[in-house]
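Asker: First residue of the sequence shown: 1, per our numbering; consecutive thereafter.
Hints listed in this document are in silico derivations from the structure and should not be mistaken for laboratory results.
Glycine is no exception: its CB is placed at the ideal position from the N, C-alpha and C atoms.
Be aware that one or more of the hints could be misleading.
Claimed, not checked - If you anchor each label on the Cβ, the simulated ranges turn out as follows: (1) E30 / V72: 13 to 21 Å; (2) E13 / V69: 15 to 23 Å; (3) R31 / V72: 14 to 22 Å; (4) T14 / V67: 13 to 21 Å; (5) Q24 / V67: 13 to 21 Å; (6) A27 / V67: 25 to 33 Å; (7) G33 / V72: 14 to 22 Å.
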Amino acid sequence: RWAEGIVGKGNVETHVAYGDAAEQILAAAERLGASAIVMGERRERAIDRVLGSVAQAVSARAGVPVVLVPPVA
């Protein structure tokens, strides 16, 4: 509902996938012919610096622009 309020009713689709989050996001973007990927970014935790985050993995490998929306303070 939040996204429909921004982009308009009928322009938002929900997809559910299982497996590696970054792989699934990238595969969905390609399958759907996305012109950009918009995703939320969490506050960085120490473990994210060691293991990496989904947002970082998607940003590094996406063939389209990736917009990272920061968390609300």
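Asker: Now tell me if each hint is right for this structure.
Answerer: Now the hints, each set against the structure:
1. E30 / V72: 13 to 21 Å: violated, 30 Å
2. E13 / V69: 15 to 23 Å: Holds - the Cβ-Cβ distance for E13 and V69, about 18 Å, lies within 15 to 23 Å.
3. R31 / V72: 14 to 22 Å: violated, 30 Å
4. T14 / V67: 13 to 21 Å: The hint (13 to 21 Å, Cβ to Cβ) holds, given that T14 and V67 are roughly 19 Å apart.
5. Q24 / V67: 13 to 21 Å: holds, 18 Å
6. A27 / V67: 25 to 33 Å: violated, 19 Å
7. G33 / V72: 14 to 22 Å: Given range 14 to 22 Å: violated, Cβ gap about 30 Å.
Hint compliance for this structure: hints 1, 3, 6, 7 are not met, and every other hint is.
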